[in-house]
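A.B. asks: Heads up, the sequence shown is in this note's numbering, so the first residue is 1 and it goes up one at a time.
Hints were generated in silico from the structure; no laboratory data involved.
Do not take every clue at face value.
[Said to hold, decoys possible] Okay, the calculated beta carbon distance ranges per label pair: (1) D147 / D327: 27 to 35 Å; (2) D147 / A312: 17 to 25 Å; (3) K181 / T75: 54 to 62 Å; (4) G111 / G150: 28 to 36 Å; (5) P195 / Q163: 46 to 54 Å; (6) E316 / R203: 21 to 29 Å; (7) A312 / G223: 15 to 23 Å; (8) V92 / Q163: 18 to 26 Å; (9) R103 / E198: 43 to 51 Å; (10) D327 / P195: 25 to 33 Å; (11) E119 / K181: 31 to 39 Å; (12) L72 / P195: 38 to 46 Å; (13) G223 / E316: 18 to 26 Å; (14) N151 / D129: 27 to 35 Å.
[As the list claims (entries may be wrong)] No farther apart than 20 Å at their CA atoms in a straight line, the calculated lysine to aspartate or glutamate pairs in the EDC-like style are these: (15) K317 / E198; (16) K218 / E232; (17) K303 / D201; (18) K303 / D200; (19) K326 / E119; (20) K310 / D200; (21) K317 / E135; (22) K216 / D226; (23) K317 / D201; (24) K326 / E176; (25) K32 / E57; (26) K334 / E198; (27) K317 / E189; (28) K157 / E145; (29) K216 / D327; (30) K218 / D233; (31) K310 / E135; (32) K303 / E198; (33) K317 / D213; (34) K317 / D200; (35) K157 / E316; (36) K334 / D217; (37) K310 / D201.
For each residue, glycine too, the CB sits at the ideal point set by N, CA and C.
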Amino acid sequence: MAQAGYAMDQAGEEFRQMQQDQPMTDISQPVKRAHQVLRQMALSNSTRMVEREILKEVITENNRRFFGCLMLPVTLSFFVFYAISAVMHEDVPSKHILEFPVRNALNPLLGEDDDATGEMLDGLTTSSDVWNYLENTFVPFFFREEDVYGNPLEEDKWGTFLQYNQVLGGIIFRAERGLTKTCEDPLVEHLDCFPQNELDDQRYGGNISQLFDVGKDKDYWFGGNDSLLLCEDEGFVIKVANTSGGCPVNYTFREPRTIDIWSLDRRLSEPAPDRRLTPLREEHAGLMPVKADAIYEGIYGPKRYEFVLKVADSYEKSMLRLQYLKDRGWIDEKTT
Numbered sequence: 001m002a003q004a005g006y007a008m009d010q011a012g013e014e015f016r017q018m019q020q021d022q023p024m025t026d027i028s029q030p031v032k033r034a035h036q037v038l039r040q041m042a043l044s045n046s047t048r049m050v051e052r053e054i055l056k057e058v059i060t061e062n063n064r065r066f067f068g069c070l071m072l073p074v075t076l077s078f079f080v081f082y083a084i085s086a087v088m089h090e091d092v093p094s095k096h097i098l099e100f101p102v103r104n105a106l107n108p109l110l111g112e113d114d115d116a117t118g119e120m121l122d123g124l125t126t127s128s129d130v131w132n133y134l135e136n137t138f139v140p141f142f143f144r145e146e147d148v149y150g151n152p153l154e155e156d157k158w159g160t161f162l163q164y165n166q167v168l169g170g171i172i173f174r175a176e177r178g179l180t181k182t183c184e185d186p187l188v189e190h191l192d193c194f195p196q197n198e199l200d201d202q203r204y205g206g207n208i209s210q211l212f213d214v215g216k217d218k219d220y221w222f223g224g225n226d227s228l229l230l231c232e233d234e235g236f237v238i239k240v241a242n243t244s245g246g247c248p249v250n251y252t253f254r255e256p257r258t259i260d261i262w263s264l265d266r267r268l269s270e271p272a273p274d275r276r277l278t279p280l281r282e283e284h285a286g287l288m289p290v291k292a293d294a295i296y297e298g299i300y301g302p303k304r305y306e307f308v309l310k311v312a313d314s315y316e317k318s319m320l321r322l323q324y325l326k327d328r329g330w331i332d333e334k335t336t
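Work out the full structure, taking the sequences as your base and the hints as a guide.
C.D. replies: Written out as structure tokens, the structure is:
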């Protein structure tokens with residue numbers, strides 16, 4: 001028995017020695033691979049089972065397509081807005097070519113060491129500078145009666161500047177006046193305050209009779225077709241509906257409109273018996289277009305003083321009208 005046990009111990013020792021000399025091969029990876037192959041074969045032969053990874057890819061792709069469909073209206077809207085903006089986009093080079101000569105004439109470019117003068121916009125600091133600029137730069141530039149060669153222009157060509165540009169209608173000057181009132185705070189009630197959100201709407205500029213002179217009486221200033229002004233207070237009263245510079249638009253003997261489409265009792269001046277034109281009913285009044293004066297007040301506010309230099313007037317008359325504003329004090333310490 002002792003010999004048999006010894007033999008078994010020796011055989012076990014030899015087996016362990018053999019394992020150390022020749023380690024066993026790990027077959028877990030081939031088994032795992034074989035398991036995957038068998039699984040894929042089973043799935044390929046089945047109509048009811050799908051591999052997990054393939055199912056995840058399908059779900060991910062469906063989600064991508066779904067959100068892509070949700071973004072389709074946004075994409076189309078972006079394209080439409082882009083197309084509209086491209087159509088409406090300014091032609092910057094052409095605009096610069098057109099506007100630069102005008103800007104350079106009214107406000108020339110300065111060098112690093114140059115200072116602005118009273119002949120350019122950047123050099124205006126006082127009311128005297130403004131009047132000097134208007135008389136010597138602004139009006140001579142826009143209200144021209146001669147071409148670039150000094151030849152007289154026809155009346156319908158007046159206002160042509162820089163050879164290819166022309167003022168149509170006229171140029172409107174607008175001004176606002178700050179309101180002066182006694183300060184409400186007891187500590188400063190002896191001083192004058194200037195509320196930022198309130199504007200003055202009162203007539204100013206004194207009386208036009210102060211400008212009367214030999215040969216420049218009432219008929220010279222206003223009241224006739226050839227008068228210098230539309231009315232005695234042109235430019236010094238607030239612009240309201242149906243006025244120009246505070247004066248009635250038909251002041252200079254213009255023929256009134258036969259039909260007033262803005263009136264609730266619109267009628268023909270001489271209605272014939274067979275006509276069916278009845279007064280504009282009140283419920284239809286809101287469907288009429290908005291009057292230009294209402295648009296003006298919505299944009300500029302109701303408290304602006306206005307004065308117009310018309311290109312149809314001669315250069316001499318335009319300068320006289322500008323001198324009228326200057327002599328009567330259109331620009332003062334309260335004007336903005």
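A.B. asks: Against this structure, judge whether each hint is valid.
C.D. replies: Hint-by-hint comparison with the structure:
Between D147 and D327 the C-beta distance comes to about 32 Å, which sits within the given range of 27 to 35 Å. At roughly 18 Å, the beta-carbon separation of D147 and A312 lies within the given 17 to 25 Å, and the hint holds. About 58 Å separates the C-beta atoms of K181 and T75, a value consistent with the hinted range of 54 to 62 Å. Taking 28 to 36 Å as the suggested C-beta distance range, the pair G111 and G150 conforms, at roughly 31 Å.
With their beta carbons about 48 Å apart, P195 and Q163 fall inside the hinted range of 46 to 54 Å. For the hinted restraint 21 to 29 Å between E316 and R203, the CB-CB distance of approximately 28 Å keeps it satisfied. Taken as a hint, the range 15 to 23 Å holds for the pair A312 and G223, whose Cβ atoms sit roughly 20 Å apart. Checked against the hint of 18 to 26 Å, the pair V92 and Q163 passes, with Cβ atoms roughly 22 Å apart.
Between R103 and E198 the beta carbon distance is about 34 Å. The supplied range of 43 to 51 Å is therefore violated. Taking 25 to 33 Å as the suggested C-beta distance range, the pair D327 and P195 conforms, at roughly 30 Å. Checked against the given bound of 31 to 39 Å, the beta carbons of E119 and K181, roughly 38 Å apart, stay inside it. Evaluation of the 38 to 46 Å hint for L72 and P195 yields a failure: the beta carbon distance comes to about 54 Å.
A beta carbon spacing of about 20 Å between G223 and E316 agrees with the range 18 to 26 Å that was offered as a hint. For N151 paired with D129, a C-beta distance near 33 Å keeps the hint of 27 to 35 Å intact. The suggested pairing of K317 with E198 is violated, with an alpha-carbon distance near 35 Å, which exceeds 20 Å. Proposed proximity of K218 and E232 is supported: the alpha carbons are some 9 Å apart, at most 20 Å.
Taking the CA atoms of K303 and D201, the gap is near 6 Å; set against the 20 Å cutoff, the hint holds. Note on K303 and D200: the hinted pairing holds, with a Cα-Cα distance of about 7 Å set against a maximum of 20 Å. At roughly 17 Å between alpha-carbon atoms, K326 and E119 fall within 20 Å of each other, so this suggested pair holds. A threshold of 20 Å between alpha carbons decides the hint, and for K310 with D200 the separation of about 27 Å lies outside it, so the pair is violated.
Note on K317 and E135: the hinted pairing holds, with a Cα-Cα distance of about 13 Å set against a maximum of 20 Å. This hinted pair checks out: K216 and D226 have alpha carbons roughly 12 Å apart, not beyond 20 Å. Proximity of K317 to D201 is assessed by CA-CA distance (about 28 Å); at most 20 Å being required, the pair is judged violated. Distance restraint check for K326 and E176: the Cα-Cα separation of roughly 16 Å lies within the 20 Å cut-off, and the hinted pair is therefore satisfied.
Taking the CA atoms of K32 and E57, the gap is near 23 Å; set against the 20 Å cutoff, the hint is violated. The hinted pair formed by K334 and E198 meets the criterion: a straight-line CA distance of about 12 Å does not exceed 20 Å. Simply put, K317 and E189 have alpha-carbon atoms about 46 Å apart, too far for the 20 Å limit, and the pair is violated. Between K157 and E145 the alpha-carbon distance is near 8 Å, which keeps this suggested pair within the 20 Å criterion.
At roughly 14 Å between alpha-carbon atoms, K216 and D327 fall within 20 Å of each other, so this suggested pair holds. Under the criterion of a C-alpha separation no larger than 20 Å, the hint pairing K218 with D233 is consistent with the structure, at around 12 Å. Restraint check for K310 and E135: satisfied, since their Cα atoms lie roughly 15 Å apart, inside the 20 Å limit. Distance restraint check for K303 and E198: the Cα-Cα separation of roughly 10 Å lies within the 20 Å cut-off, and the hinted pair is therefore satisfied.
Distance check on the hinted pair: K317 and D213 sit about 17 Å apart at the alpha-carbon level, within 20 Å; holds. For the suggested pair K317 and D200, the alpha carbons sit about 29 Å apart, so the restraint of at most 20 Å is broken. With a C-alpha separation of about 16 Å, the suggested pair K157 and E316 falls inside the 20 Å cut-off, and the hint holds. Between the alpha carbons of K334 and D217 the distance comes to roughly 29 Å, so the proposed pair goes past 20 Å and is violated.
About 25 Å separates the Cα atoms of K310 and D201, which puts this hinted pair outside 20 Å; it is violated.
Checked against the numbered hints listed earlier, the structure breaks hints 9, 12, 15, 20, 23, 25, 27, 34, 36 and 37; every other hint is satisfied.
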